[in-house]
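**Q** Sequence:
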Amino acid sequence: AKYCLLPGNPDRAKYVAEKFFDNPKLVTEYRRIFGYTGTYKGIPVSVQTTGMGCPSAAIITEELIMLGVKNFIRIGTCGAIGKGLKLIDLIIATGSVPIDGTTKSLFEGDPFAPVASFPIVHQSVHEAEKLGIKYHTGLIATFDLA
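Numbering (the numbering used here), first residue to last: 673 to 818.
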């Protein structure tokens, strides 16, 4: 599928596939890095575990790109610091400030600031409002101890 949801937790990938996909198919389970493909409202979509942190996410997303995935949406939990943020709030990222060793290595120290797809951000905000879900939009950061 050209759309792929990326949880870190393998159990979350299984839950998403079984709860939301029509005809989910487990396509990989190597090292508990579960990947499923199915359809959601007739649209082919996948969900792929990334594990924890940027290094494993970078390896997995590179392989998914080679398989034809065009759109990634990170789902799951995160740490957050900010006024008005509460547990369970939805965070819709508009871009990222990479403060991690993986990004530094991949881009050889050159500045890189990835931005989200505006149509996906816009649709996510629209759906959250329609469902009455509290959300926050803005920049996020990736960080490790590098």
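Treat the hints as calculated values from the structure; they're not laboratory data.
Among these hints, one or two may not hold up.
Stated by the list, open to error - With a straight-line Cα cutoff of 30 Å, these simulated DSSO-like cross-link-like pairs (lysine-lysine) come out:
| # | residue 1 | residue 2 |
| --- | --- | --- |
| 1 | 802 | 742 |
| 2 | 806 | 755 |
| 3 | 713 | 802 |
| 4 | 742 | 691 |
| 5 | 776 | 674 |
| 6 | 691 | 713 |
| 7 | 742 | 674 |
| 8 | 686 | 806 |
| 9 | 697 | 755 |
| 10 | 776 | 713 |
| 11 | 755 | 742 |
| 12 | 755 | 802 |
| 13 | 674 | 686 |
| 14 | 806 | 742 |
| 15 | 691 | 776 |
| 16 | 758 | 697 |
| 17 | 755 | 713 |
| 18 | 686 | 742 |
| 19 | 806 | 691 |
| 20 | 697 | 713 |
| 21 | 674 | 806 |
| 22 | 758 | 802 |
| 23 | 776 | 806 |
| 24 | 691 | 802 |
| 25 | 776 | 742 |
| 26 | 802 | 686 |
| 27 | 802 | 674 |
| 28 | 674 | 691 |
| 29 | 691 | 758 |
| 30 | 697 | 776 |
| 31 | 697 | 674 |
| 32 | 802 | 776 |
Please read these numbers as outputs of a predicted model, since none were measured by experiment.
**Q** Next step is simple, just say for each hint if it's right about the structure.
**A** Hint check results:
no.: 1; hint: 802 x 742; result: holds, 26 Å
no.: 2; hint: 806 x 755; result: holds, 14 Å
no.: 3; hint: 713 x 802; result: holds, 18 Å
no.: 4; hint: 742 x 691; result: holds, 23 Å
no.: 5; hint: 776 x 674; result: holds, 27 Å
no.: 6; hint: 691 x 713; result: holds, 13 Å
no.: 7; hint: 742 x 674; result: holds, 5 Å
no.: 8; hint: 686 x 806; result: holds, 25 Å
no.: 9; hint: 697 x 755; result: violated, 41 Å
no.: 10; hint: 776 x 713; result: violated, 38 Å
no.: 11; hint: 755 x 742; result: violated, 33 Å
no.: 12; hint: 755 x 802; result: holds, 24 Å
no.: 13; hint: 674 x 686; result: holds, 19 Å
no.: 14; hint: 806 x 742; result: holds, 28 Å
no.: 15; hint: 691 x 776; result: violated, 37 Å
no.: 16; hint: 758 x 697; result: violated, 35 Å
no.: 17; hint: 755 x 713; result: violated, 36 Å
no.: 18; hint: 686 x 742; result: holds, 21 Å
no.: 19; hint: 806 x 691; result: holds, 22 Å
no.: 20; hint: 697 x 713; result: holds, 16 Å
no.: 21; hint: 674 x 806; result: holds, 28 Å
no.: 22; hint: 758 x 802; result: holds, 20 Å
no.: 23; hint: 776 x 806; result: violated, 33 Å
no.: 24; hint: 691 x 802; result: holds, 21 Å
no.: 25; hint: 776 x 742; result: holds, 23 Å
no.: 26; hint: 802 x 686; result: holds, 26 Å
no.: 27; hint: 802 x 674; result: holds, 25 Å
no.: 28; hint: 674 x 691; result: holds, 20 Å
no.: 29; hint: 691 x 758; result: holds, 25 Å
no.: 30; hint: 697 x 776; result: violated, 35 Å
no.: 31; hint: 697 x 674; result: holds, 16 Å
no.: 32; hint: 802 x 776; result: violated, 39 Å
In this structure, the hints that do not hold are numbers 9, 10, 11, 15, 16, 17, 23, 30 and 32, in rising order.
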